[in-house]
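Enquirer: Protein chains in written order, with my numbering: chain B, 1 to 173; chain G, 1 to 173; chain P, 1 to 507; chain C, 1 to 507.
Don't read these hints as lab results, they were simulated from the structure. What you are looking at is a predicted structure, and each value in this text was computed from that prediction instead of being measured. One or more of the hints may lead you astray.
As the list claims (entries may be wrong) - Derived SDA-like pairs: lysine to any residue, alpha-carbon spacing no greater than 25 Å straight-line:
no.	chain 1	residue 1	chain 2	residue 2
1	C	K27	B	D31
2	C	K455	G	S35
3	B	K48	P	T439
4	P	K455	C	L24
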Amino acid sequence: MNYTVRSGKTHSINIDRSTDFSAPFTIRVNDRDYSVAIRKTHSDGRIKSLLINNRVYPVEVQRRGDGFPSRIFLKGVPFDVNIESVESTRYKPDQPERSVSGDIHAALPGQVIKYFCGEGDTVEAGQPLLILEAMKMENEILAPKTGVVKRICVREGIIVAKDDLLMEIGDPE
Amino acid sequence: MNYTVRSGKTHSINIDRSTDFSAPFTIRVNDRDYSVAIRKTHSDGRIKSLLINNRVYPVEVQRRGDGFPSRIFLKGVPFDVNIESVESTRYKPDQPERSVSGDIHAALPGQVIKYFCGEGDTVEAGQPLLILEAMKMENEILAPKTGVVKRICVREGIIVAKDDLLMEIGDPE
Amino acid sequence: MFNTVLIANRGLIAANCVRAVKELGMKAIIAYDQEDAESAAVRNADAAYVLRPTPDYSRPYLDVNQIVDLASELKVDAVHPGYGFLAQNMEFAQALKDRGIAFIAPKSEGVFDFANKHVVKAYAARAGLPILPGSESFVEREWLFRFANAIQYPLVIKSVYGYGGVGMKVIHSEEELEAGFNEVRHLCDRHLKCSPDVFLEKYLPGAQHVEFPVLRDAKGVTIVLPEQECSVQRRFQKLVVETPSPRLSPQMRSRLESEIRVLVNRLEVFGFATVEFLIKDGHAYFLEINGYIQPSHTATTLLTGVDLVKEQINILSGGDLEIDPGLINRHGHVVGSFIYAEDPDADFAPSPGVVERLHLPFGEEVYVQSNIFSGAVVSPLYDSMVAKLMVRGLTRKEALKKLEIALREFFVEGVKTNIPLMRALISSEEYAKGDVTPTYLDRPEQRRHLVEQIKTAQEQEIAALVAALSLHRDGIEESPVLAGESNAADISAASRWMNRRRSTPQV
Amino acid sequence: MFNTVLIANRGLIAANCVRAVKELGMKAIIAYDQEDAESAAVRNADAAYVLRPTPDYSRPYLDVNQIVDLASELKVDAVHPGYGFLAQNMEFAQALKDRGIAFIAPKSEGVFDFANKHVVKAYAARAGLPILPGSESFVEREWLFRFANAIQYPLVIKSVYGYGGVGMKVIHSEEELEAGFNEVRHLCDRHLKCSPDVFLEKYLPGAQHVEFPVLRDAKGVTIVLPEQECSVQRRFQKLVVETPSPRLSPQMRSRLESEIRVLVNRLEVFGFATVEFLIKDGHAYFLEINGYIQPSHTATTLLTGVDLVKEQINILSGGDLEIDPGLINRHGHVVGSFIYAEDPDADFAPSPGVVERLHLPFGEEVYVQSNIFSGAVVSPLYDSMVAKLMVRGLTRKEALKKLEIALREFFVEGVKTNIPLMRALISSEEYAKGDVTPTYLDRPEQRRHLVEQIKTAQEQEIAALVAALSLHRDGIEESPVLAGESNAADISAASRWMNRRRSTPQV
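Extracted from the complex, chain B is given alone in its bound form (with noise of 0.2 Å):
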């Protein structure tokens, strides 16, 4: 399989369709052959650190929302990444519609200080909705679209997790 992967410059990079993982195996980019091996997996089986020309490299993936590589942490060192073809189509995805959620999510954990509005009132977009709190510092969360507060998920003074859905904003009535 052929990838075509930008990382600083434009990387060709080649893995063999026949590889086994479970043992050291040859990477071609560009011109040059990569021994690797992976040294350590999570429990869900991706990887979690290689062994790269017999260096030891702990590395984190972070994906876009379609799934694909967007970021490759070495060793806590981000490196931006596009994989611009592959040479099959089994990857590519359907690009999702764009459309305006109403959902609004906690963006990093925190502490839920104060509301601005309450269920079933009208806001606007940019309008503030409520402060988070985290490490001494707050974050005023703003409407993403006009609507109606559906519904408030977390009571204030709940320490929330990343993700968390806090608030759900209907289209306007």
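Chain B is already provided as a structure; the job is to place chains G, P and C on it using the hints.
Expert: Only chains G, P and C this time, still in chain B's reference frame:
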């Protein structure tokens, strides 16, 4: 329930039968009350960390063959303990009959370097059976009783865990 | 000497205070937020008492009444406030005094309200120290424009009781003035829990920030310790510390040291304090005196061998400053970096979470203080500093190289950190030359540029390889975006966390 | 300068070598046993190559051929042997030389076989240094009794190439002589992989053990660094290190320093070496020169600011010793303790296993090097040292108190350690007075007595409480003993692990 426990001196300890261990509780030792709260437990429910009089104590309990606590580690410091009496008899185990087992277990992890005997050999109590090596030191394991080597369970060169069965000695023929 | 000291703080400083109190043979009690139950300070204290949550969801470490009541109930002799929180809170100091409990903060015979930046600045001016032009302190909005016109832009609005980078706002033009004023006052109310008094001061862009720790006992015995260069900051918080300063001439150093002696003797300071200066174009301006132990003081300790935390408690408990000046080392060079759980790529947004793996660097002349461990939770509710990494070399060059390699070894998984940025900064030519000022890292492009510098061509290839391998082998993961909806995507990168910033889920 | 250095060792020393090599701008390659795959040295090296298991199950770090072949194949410029293993192995040194690869060990123009303790001792005697009475070196058993009779008991049988406490045996009477001889020869064969030559030396009970690190470059520039007091040992391995020695007078120190200068100049030593002395009743005897970086050298580094690992590699790669003597600090006091995964209650039996929880101490002037982490496996196959804990104080008293508190904070779960014993030792009056000699901890009753001293009456009550609570709440666990059988019970306490000891499952 009243316990008499030797730890240095002998202490009289009272734990109320109806104590709810999920909340802080009080235990009377001699004439003093101690406030106790269980901070953490192991996955099997055993105590791992306590708050006693508002101080954190990571604890480890070592038990004798009969299951009674014999040594308490308070933040790594070992205290020999002996529970001399318990008001109820429900904890009194039968005294096991003391006979000599011919099973040779590894007292500590290590590597089996060499056997001095083979299966079928007759060995005498006190005769060297094998060498187990750990951390730059060698441990020569002697026969606990006279008998015949029934089985050698582990090959030379193998790294064994604590309590692994190394060999079995049967009664003399 | 005290018998029992209550420590009303968290994190590294609380753990350091617990140690120091125990080393002095006193009993250390910690008052803690439930969020910190697994911290070193709680583990190591002689007794630990959990604080109740507050009705307004503010941090319990700011709850004057609760902490004073606990201190009374436990009959402690003194309270150590650490830094930040109530360290310079006059209401807290007064409440403790009323109950006969000592407050471990510097006292001054000269100035009652020693924590008031504006009062102390006036005092320094009278003692002959050069100061930056500034206004009177005020509360009413009406004075704001009048004073600002007199001083002219750029200027800084400062809370008289601000600290830790909170309660200051740089104003570049009249348009920003009112919003800045309101922001500072909000912070006084919510985060500093102090009176709303502010003053204005001329802002000196590109000035160097230098601080001198000073110990002075009840008998007036005074030790001025080597200065800390604190010129790399983000949001007025230090990212790097060096001692001695690579840019201070011996003449300037000895002049500042004698100015400090004049000032602390005039004020009759009793205890530990830090005297701060701004330096630009060969001119030094007295900035302020802080009365608390700062994270950067570990650098001075590593250089000199003087444990400032311990000496502070010792002299304020009535002990003499008995340090033999002959034992204080002033040679060599220390550089340290503060490690934060934050994402410099997303405007330093905090990155709380669970520390999945942690490997601290270690080695000859590499020194770490860290309150995280494998499995630790970095709370979203508090400051994101998770470690201090200090190195010492015989020369500055040796120290910088050591710090660079130590930063390469420092590995944290589970939360994002500023480690790659710090590594890039320390290994940059600009840093080696000493050309870095407090605003150096303000621009995202600058930060991105620095981090790009440390990436080799081969590492770029390897990143590409890992991306392809990960797609090839691990396939496409289930998308976190709901079908047809987009605002969850990249939300964390888009959300800006500043002292007070607005953000909107990206559309 | 070298381009690439292969490090043929493990643990803390390997990690320290990797750092030092990288700091010097060279490439660091590690050769490792699979057991060490998760170690810091492997993680941080520029490249890591696993060693094959050996046919006789001896440690691969002792496999001369394999390591030399790897070094050749990788075309490295030099090999760093760390300490122990092949650090003083002549066969290894020769094989590297034959292939044109540098060996990072001291050289001497005066003595080719510099690692030979007996040869160097004779040289020291000729240079006028006082030595202990001893025999010629020999291999045949027939000389043993003859020499022993001449020297008289107690005496020590020493392998001429022994190191790290291995290859020495104290003999108190003629009955022990032959067994001791056989044991030392077995160790030469199996663990030291060296020739069977030994010599006898008078044993000086209760003598103090003091070591001076020395750097000397190709041009003869020499720096003698402050001494390390290494008087607390178990099985000839150091448990505690102090610098400066609390028992060395300034006169004695300066006399020994000049004797060292005479000796290293006569021998024309090139590189790094440690010169060791035994001191008793005001008399100092030259003991030996070691050519490797020992764990205790971190104490000298912390005191002085001189990174000995780095300087060693620097001068042996052809660099000059460019240290400005004015930057070397000699003030203050450092005390350090070595932390072993072992059980002092069971004759220091090793306690390998998985580290379930780990909290390292940290704080002002508290410095740790540790190669364990939460989840790390302490291998049963290697030395059980898992950490070095060093503290610095302005005075010895301050340093001892700091170390005591740091040891209280150091928490390891999953493997047993000598931490409680070290804490008891450091806080004892005997240690404070400096009355401790290398055999101080030999007697189990002494160790037990020390640990009892640190237990308060209240802690005894709490231990009793925990025992009762644990029985009450957790009940009786399934017994590890099979019904009617007893030999598994308490076997670990009964099993004695010594350099070579017999043990029998208890009946």
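Enquirer: Take the hints in turn and mark each one as holding or not.
Expert: Comparing the hints with the structure gives:
no., hint, in the structure
1, C:K27 - B:D31, "holds, 24 Å"
2, C:K455 - G:S35, "holds, 20 Å"
3, B:K48 - P:T439, "violated, 36 Å"
4, P:K455 - C:L24, "holds, 20 Å"
Checked against the numbered hints given earlier, this structure breaks only hint 3.
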